[in-house]
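Please work from the sequences and hints to get the whole structure.
Chains as they are written, first to last, in our numbering: chain A, 118 to 225; chain B, 118 to 225.
Any given hint could turn out to be false.
The list treats identical chains as one, so a pair stands whether inside a single copy or across any two.
[Said to hold, decoys possible] Listed below are the simulated SDA-like cross-link pairs for lysine to any residue, each with C-alpha atoms no more than 20 Å apart in a straight line:
#  : residue 1 : residue 2
1  : K135      : F179
2  : K185      : F121
3  : K135      : Y223
4  : K119      : L224
5  : K126      : Y167
6  : K128      : S220
7  : K126      : L206
8  : K135      : E173
9  : K119      : Y159
10 : K126      : G176
11 : K135      : E219
12 : K137      : N155
13 : K128      : Y222
14 : K152      : L224
15 : K119      : F179
16 : K126      : A188
17 : K152      : Y222
18 : K126      : E211
19 : K152      : R209
20 : K119      : H140
21 : K152      : E131
Note that these hints are calculated values from the structure, not bench results.
Keep in mind that this is a model prediction, so the values were computed, not measured.
Next come the chains, spelled out residue by residue.
Protein chains: 2
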Amino acid sequence: MKRFGQMIKIKSPEDLEKYKMHHANPMPGVNEMIKECNLQNYSIFSRGEYLFAYFEYVGDDFEADMAKMAADPNTQAWWDVVKPLMQPLDDRAEGDFWSDMESVYYLA
Amino acid sequence: MKRFGQMIKIKSPEDLEKYKMHHANPMPGVNEMIKECNLQNYSIFSRGEYLFAYFEYVGDDFEADMAKMAADPNTQAWWDVVKPLMQPLDDRAEGDFWSDMESVYYLA
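This is the structure:
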C-alpha cells in the first residue's frame, strides 16, 4: 500500500465555498470510481489558499488505475465542475494538476 | 476516530534536510509516546516551504493526550531539536504551532 500527500491551491474564498459544497455531495459515480480505482482513506483538507489531499493506494498498477479514472465519463463531468475552482502550483511538474509531496515521516 | 490535517512551514531547504534526517530516526521514546497518546497512521509530507501532517486520533480525550505528550521528557527533548527548524504560519491561532486544517472531503 502506498500513501500519497498532494497539494494544490484554491483560486478564491468563493471557489473554496463552491468546492466544499460540491464535495459535501459528489456527483453520482464519482466516489464509486475512486474506490474501483483502489484509492482508500481519502481525505481533503483546506486552509487559506491551500488544499491538501491524503489517500492510500491499495492496487498494483497506479498508472493504469489513474488512466481508468480519467476515462470515466462521471469523473470527467465531476472534474469539469471542480477543476476550474483549483489553481495548480506554479512549480508543478509537467502534466500535473495536484502536486505530489514527499513523505518524510510515517508511524503506523 | 478523528482525522487531522495540519500545516506548518519549514524555515529553509537546509532545515528541511535536517528535519528529514531527524525524522528518519526519531529520538528514543518519541514514537512510543505518540502511540501511547492514541495517534495512529501518522504521515508527514513536505513540498517547497510547506510541511503537511495527517494522523488519526483514536482516544477519547484529545486535550488530555496532547498534554500528556507535552509533559513527556523524551518528547520535550525531541521538540527542542525539531521545532527550531519549523516556522508556524503567520495566521496561526493563538498558542498553535502546527495549524489545523478543515476537512472538506472524506471517502473510506
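- Message: Hint by hint, where does the structure go against what was stated? Just the numbers, ascending.
- Response: 1, 8, 10, 12, 16, 19, 21
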